[in-house]
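Asker: Residues per chain are reported as follows:
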Amino acid sequence: MATVTAHASLLWLLFLLSIGPGVGFAEEPVPAGERMVPEREFVAQSERLNREIQKLRQDIDALREEQTAQSQQLRTLSPLAGRITGYLDFGFFYVSGDGTGIRYDAGYQNFPEYRGLVPDSWVFMGDPLATMINSRGDPANTGDSRAITFNPIHSDGKPSFIMNNVNLALFSGITENLQVNALIDFVPRGRNVSNSNAVFLGDYIDVKLAYAEYNVPLQRFGLSLTVGKFDSVLGYEYRVQESPDRITVTPSLICRYTCGRPLGLKARFRFLDERLSLNLALTNGSNFIEQFPIYDEVDSNYFQTGSGRLAYKFPVGAGLEIGVSGSVGVQDQQPSKDVLQWHVGVDLHLDYRGLDIQAEFVQGRASGKSSSDAVRCDEAQCLEYRGAYGLVAYRITNWLMPYARVDWREALHESGASFVYQSNAMRVTGGLRFEIGTAVILKAEYTHVRELGRLIEFPDDVLVSSLVIKY
Amino acid sequence: MQIFRRVLMVGFAALTAVGGGCQDESSLVDGVFTEAEMTTVRTLGPLPPPAVDTTNRYGDDAKVAQLGQRLFFDPGYSGAIVTGSDGKNGGLGAKGETGKVSCRSCHLGDWMIDNRSQPNGTSLGIDWFFRNSPSLVNVTYYDEQFGWVGFNDDLWGKNLIPAEFVMGTDRSGIVHYLYKKYKAEYNALFSPPLPDALDPTHPEAARFPMSATPIGGTGPAGLAWKAMTAADQDSINRAYANFGKALAAYERLLVSRNAPFDRYVSGELSAISTSAKRGLKLFIGKAACNACHSEANFSDEKFHNTGVSQIGMYVLKAPDFDPGRFGGVDVYRDWDFKAQGAYSDDRSVKRDPIPAAGQVDVKLKGAFRTKGLRNVAMTAPYMHTGHMTTLKEVVEFYNQGGGTRDFAGGKDPLMKPLNLTATEIDDLVAFMQTLTGQPVPAALLQTPAGL
Numbered sequence: 001m002a003t004v005t006a007h008a009s010l011l012w013l014l015f016l017l018s019i020g021p022g023v024g025f026a027e028e029p030v031p032a033g034e035r036m037v038p039e040r041e042f043v044a045q046s047e048r049l050n051r052e053i054q055k056l057r058q059d060i061d062a063l064r065e066e067q068t069a070q071s072q073q074l075r076t077l078s079p080l081a082g083r084i085t086g087y088l089d090f091g092f093f094y095v096s097g098d099g100t101g102i103r104y105d106a107g108y109q110n111f112p113e114y115r116g117l118v119p120d121s122w123v124f125m126g127d128p129l130a131t132m133i134n135s136r137g138d139p140a141n142t143g144d145s146r147a148i149t150f151n152p153i154h155s156d157g158k159p160s161f162i163m164n165n166v167n168l169a170l171f172s173g174i175t176e177n178l179q180v181n182a183l184i185d186f187v188p189r190g191r192n193v194s195n196s197n198a199v200f201l202g203d204y205i206d207v208k209l210a211y212a213e214y215n216v217p218l219q220r221f222g223l224s225l226t227v228g229k230f231d232s233v234l235g236y237e238y239r240v241q242e243s244p245d246r247i248t249v250t251p252s253l254i255c256r257y258t259c260g261r262p263l264g265l266k267a268r269f270r271f272l273d274e275r276l277s278l279n280l281a282l283t284n285g286s287n288f289i290e291q292f293p294i295y296d297e298v299d300s301n302y303f304q305t306g307s308g309r310l311a312y313k314f315p316v317g318a319g320l321e322i323g324v325s326g327s328v329g330v331q332d333q334q335p336s337k338d339v340l341q342w343h344v345g346v347d348l349h350l351d352y353r354g355l356d357i358q359a360e361f362v363q364g365r366a367s368g369k370s371s372s373d374a375v376r377c378d379e380a381q382c383l384e385y386r387g388a389y390g391l392v393a394y395r396i397t398n399w400l401m402p403y404a405r406v407d408w409r410e411a412l413h414e415s416g417a418s419f420v421y422q423s424n425a426m427r428v429t430g431g432l433r434f435e436i437g438t439a440v441i442l443k444a445e446y447t448h449v450r451e452l453g454r455l456i457e458f459p460d461d462v463l464v465s466s467l468v469i470k471y
Numbered sequence: 001m002q003i004f005r006r007v008l009m010v011g012f013a014a015l016t017a018v019g020g021g022c023q024d025e026s027s028l029v030d031g032v033f034t035e036a037e038m039t040t041v042r043t044l045g046p047l048p049p050p051a052v053d054t055t056n057r058y059g060d061d062a063k064v065a066q067l068g069q070r071l072f073f074d075p076g077y078s079g080a081i082v083t084g085s086d087g088k089n090g091g092l093g094a095k096g097e098t099g100k101v102s103c104r105s106c107h108l109g110d111w112m113i114d115n116r117s118q119p120n121g122t123s124l125g126i127d128w129f130f131r132n133s134p135s136l137v138n139v140t141y142y143d144e145q146f147g148w149v150g151f152n153d154d155l156w157g158k159n160l161i162p163a164e165f166v167m168g169t170d171r172s173g174i175v176h177y178l179y180k181k182y183k184a185e186y187n188a189l190f191s192p193p194l195p196d197a198l199d200p201t202h203p204e205a206a207r208f209p210m211s212a213t214p215i216g217g218t219g220p221a222g223l224a225w226k227a228m229t230a231a232d233q234d235s236i237n238r239a240y241a242n243f244g245k246a247l248a249a250y251e252r253l254l255v256s257r258n259a260p261f262d263r264y265v266s267g268e269l270s271a272i273s274t275s276a277k278r279g280l281k282l283f284i285g286k287a288a289c290n291a292c293h294s295e296a297n298f299s300d301e302k303f304h305n306t307g308v309s310q311i312g313m314y315v316l317k318a319p320d321f322d323p324g325r326f327g328g329v330d331v332y333r334d335w336d337f338k339a340q341g342a343y344s345d346d347r348s349v350k351r352d353p354i355p356a357a358g359q360v361d362v363k364l365k366g367a368f369r370t371k372g373l374r375n376v377a378m379t380a381p382y383m384h385t386g387h388m389t390t391l392k393e394v395v396e397f398y399n400q401g402g403g404t405r406d407f408a409g410g411k412d413p414l415m416k417p418l419n420l421t422a423t424e425i426d427d428l429v430a431f432m433q434t435l436t437g438q439p440v441p442a443a444l445l446q447t448p449a450g451l
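Listed in order, the protein sequences are those of chains U and G. Going by my numbering, the residue at position 223 of the first sequence is 223; the numbering climbs one at a time, nothing skipped. Going by my numbering, the residue at position 398 of the second sequence is 398; the numbering climbs one at a time, nothing skipped.
Rather than coming from a laboratory, the hints here were simulated on the basis of the structure. Idealized CB from N, CA, C, for every residue including glycine. One should not assume that every hint holds.
As the list claims (entries may be wrong) - Below, in silico cross-link-like pairs of lysine-lysine (DSS-like), each with a Cα-Cα straight-line distance of 27 angstroms or less: (1) Lys369/U - Lys365/G; (2) Lys286/G - Lys337/U; (3) Lys350/G - Lys369/U; (4) Lys369/U - Lys363/G; (5) Lys286/G - Lys350/G; (6) Lys411/G - Lys302/G; (7) Lys363/G - Lys302/G; (8) Lys371/G - Lys369/U; (9) Lys371/G - Lys350/G; (10) Lys317/G - Lys286/G; (11) Lys181/G - Lys337/U.
Stated by the list, open to error - Pair ranges (Cβ atoms, derived): (12) Thr423/G - Pro112/U: 42 to 50 angstroms; (13) Ala422/G - Leu265/U: 39 to 47 angstroms; (14) Arg450/U - Ala422/G: 31 to 39 angstroms; (15) Pro119/G - Arg450/U: 53 to 61 angstroms; (16) Val32/G - Pro402/U: 48 to 56 angstroms; (17) Val440/U - Thr423/G: 37 to 45 angstroms; (18) Ala212/U - Val32/G: 52 to 60 angstroms; (19) Asp426/G - Ala81/U: 22 to 30 angstroms; (20) Pro119/G - Leu282/U: 28 to 36 angstroms; (21) Leu269/G - Ala439/U: 31 to 39 angstroms.
What the hints assert, rightly or not - Among the chain U residues that face chain G by a calculated CB cut under 8 angstroms, a handful are: (22) Gln67; (23) Ala69; (24) Ala106; (25) Gly107; (26) Gln109; (27) Phe111; (28) Pro112; (29) Glu113; (30) Trp122; (31) Thr149; (32) Gly228; (33) Asp378; (34) Leu412; (35) Ser418.
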């Protein structure tokens, strides 16, 4: 405000000086005795104003210096102080058929071995998550599915715009080595509030991450300790599952096994100038479920799941990272404490001159528990799976990246007479990713889903787009 | 920037074009059902004419059926009333009165259900019974399990159970009644004729006590039965079997077919509503109702424990609750009128083996035979307890995976939550309402002259 006033005064003075002799006074003659007094006053006033201007300029420079210093200090300190960021993900999708990735085996035409054991309409063929339409992994429709009953999209094969999520990332640096992070999705979804039997939530909040991380000040190697709800340590895809980070729109078919966000303790070791890393976690088993990823936040079994990943980054391009990971523990969401689950996987990631390659293979099993030979897996669900994906993306320009992905999953999921899922599907995805400036990302992809083996082929291809705006 | 825009547009155009080529679910029957689903639907209808019951040679004899109708409406052979009318309970007479309760008393109206007893969950005949009286319309479509717990494996033999267990009389008393009131008709239809010694004035009348039955244990009727010769016991049993066969011949006429659902399956696509079609798809799909409600009578004739709570004033209570089939097997095992028994007209029919005493599968505890769903919208109240009054209530019960308390045994593995929405529940109800067939001919529902 002071600066503005000073500038205005100066301009006013200059204006007066410039117009004074040549315009106003020249036209109105003044008595000679009276002309000397105003000129002296003007000169004195001018000098006084010049001094004031000089002073103000000095003040402004001082303020600028102070502001610059404070800004620099703030920038330096900001990672430790706190940060709120996030993104908004808006999309459009169309899934052919009825929007589901499954069909039931009417009349036991394909799986007659279940006749008399499981109703034919509860024998499902396909993958209930094959028709995911956003980075959250929401399937377009779960249809008649019984293992996965949460149906927040419920497209019924209709094309639709969708506000996938509004994301909020919170960061706070408590001390130089201690940080707190949270990642929250606000998910707008429809809900018929008149339906008291509804199995959907309507709008909901999903606290995806909430953890404290302590970087242990060590010289010889890096070590960070994490407690809370954090990212999985399995595979690679979990690191890029948020919309802005993910190259594709949708997760791979095996993300359900590696992208969960369990609760527990984690230690991350880094050796050899961070080329070699080892992640170890002791968590609830909630990242290991054949289910839409809303987990039991409290462990429902009797012991925790141990998991780990060992990775080495070779100096190829920006890095060629190869990792092996696995987990073992008591099966989550089961009443029985003597049912073990295990999972192993290998993963690869290469970032080389704009070329991004990701590949993973996973295999796992939960043996379940049966009350008799006649009724399988009725006391604890049985799950056996294998799956893999490969993703290739190339950054043609700084704003355009086409990509292609092939993923496959074969699984058998049984729960007594309640359901059987015979899954064997391969998907081929092609897409384009545009980065418009630093805050806007536009992605579009088409996925062809093909059922394999004894499964019938049915329409469940997916067309999706996603507009991501970061803030 | 212009290049960028062009690339953007071309990219989206390409993707949209590809998207336009997405596969489409085609060749749906009536736009609703796949061919495989339609194959399943066709197992449920249309309802054919009843199959011949080879265990009852009189089953399709019109004159025997006429006799059966008289016997069905005739209260004359019933015994003394135990629980009389209190003016509110729908009772059939004063305590101690005889000849007041007929089969018709608990199978009333066009759909042959009990809407008289109050409370209406279970039925008041001679006394309160602990289960609901099911409709007898289309009862002939069951093949081998009759009654809530499969008390018998043929219809005529099943008829003899309430006659002897809940009507305050026994087989000897009924045969005496036949002799007294229907001798001529009986002898004209059945062979051998009723023994003359059934006449109380006959010199050998003592051979046939007025009350005698093998299920009488050590009571007077039981002891009287044991005192009879085997030949006389056989005479009583044969006449009693023919009594049951006459009733069955009448019941085989209580048929309701050509429901809107049947017409739909036959190709009349407008016979049922859109909601009902969705309900049918749910019935054979998501809800898997046809896992038990299968075949044209919508019953697999197997026994399932759905966890129906023992709710009602006169149902069997804790701690044992209603044993269902687990207890019914014991009656069935020793019943003289099984399909493969001495009084069957075709002992070659196949039936499941009857477990020996003490070897009944404990899973049958609390299990009841799957009820056929034909005309179900007209036959409330529902369940063996009769405590559910609407179809919506029933569907909501199954939607929750059945009951959770106050029933015997453990629930069937099939009893799982169905995850149906409110709309889907309504659709299922709409479908079941399409199972109401044409009414039974009025003449079959009228009390015969002279009764």
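Asker: Evaluate each hint against the coordinates.
Answerer: Status of the hints after comparison with the structure:
no.: 1; hint: Lys369/U - Lys365/G; in the structure: holds (24 angstroms)
no.: 2; hint: Lys286/G - Lys337/U; in the structure: violated (31 angstroms)
no.: 3; hint: Lys350/G - Lys369/U; in the structure: violated (36 angstroms)
no.: 4; hint: Lys369/U - Lys363/G; in the structure: holds (19 angstroms)
no.: 5; hint: Lys286/G - Lys350/G; in the structure: violated (33 angstroms)
no.: 6; hint: Lys411/G - Lys302/G; in the structure: holds (14 angstroms)
no.: 7; hint: Lys363/G - Lys302/G; in the structure: holds (12 angstroms)
no.: 8; hint: Lys371/G - Lys369/U; in the structure: violated (32 angstroms)
no.: 9; hint: Lys371/G - Lys350/G; in the structure: holds (21 angstroms)
no.: 10; hint: Lys317/G - Lys286/G; in the structure: violated (34 angstroms)
no.: 11; hint: Lys181/G - Lys337/U; in the structure: violated (70 angstroms)
no.: 12; hint: Thr423/G - Pro112/U: 42 to 50 angstroms; in the structure: violated (33 angstroms)
no.: 13; hint: Ala422/G - Leu265/U: 39 to 47 angstroms; in the structure: holds (44 angstroms)
no.: 14; hint: Arg450/U - Ala422/G: 31 to 39 angstroms; in the structure: holds (36 angstroms)
no.: 15; hint: Pro119/G - Arg450/U: 53 to 61 angstroms; in the structure: holds (59 angstroms)
no.: 16; hint: Val32/G - Pro402/U: 48 to 56 angstroms; in the structure: violated (40 angstroms)
no.: 17; hint: Val440/U - Thr423/G: 37 to 45 angstroms; in the structure: holds (39 angstroms)
no.: 18; hint: Ala212/U - Val32/G: 52 to 60 angstroms; in the structure: holds (54 angstroms)
no.: 19; hint: Asp426/G - Ala81/U: 22 to 30 angstroms; in the structure: violated (56 angstroms)
no.: 20; hint: Pro119/G - Leu282/U: 28 to 36 angstroms; in the structure: violated (58 angstroms)
no.: 21; hint: Leu269/G - Ala439/U: 31 to 39 angstroms; in the structure: violated (55 angstroms)
no.: 22; hint: Gln67; in the structure: violated (35 angstroms)
no.: 23; hint: Ala69; in the structure: violated (39 angstroms)
no.: 24; hint: Ala106; in the structure: holds (3 angstroms)
no.: 25; hint: Gly107; in the structure: holds (5 angstroms)
no.: 26; hint: Gln109; in the structure: holds (6 angstroms)
no.: 27; hint: Phe111; in the structure: violated (12 angstroms)
no.: 28; hint: Pro112; in the structure: violated (13 angstroms)
no.: 29; hint: Glu113; in the structure: violated (16 angstroms)
no.: 30; hint: Trp122; in the structure: holds (6 angstroms)
no.: 31; hint: Thr149; in the structure: holds (5 angstroms)
no.: 32; hint: Gly228; in the structure: violated (32 angstroms)
no.: 33; hint: Asp378; in the structure: holds (6 angstroms)
no.: 34; hint: Leu412; in the structure: violated (18 angstroms)
no.: 35; hint: Ser418; in the structure: holds (4 angstroms)
Hint violations for this structure: numbers 2, 3, 5, 8, 10, 11, 12, 16, 19, 20, 21, 22, 23, 27, 28, 29, 32, 34, all remaining hints satisfied.
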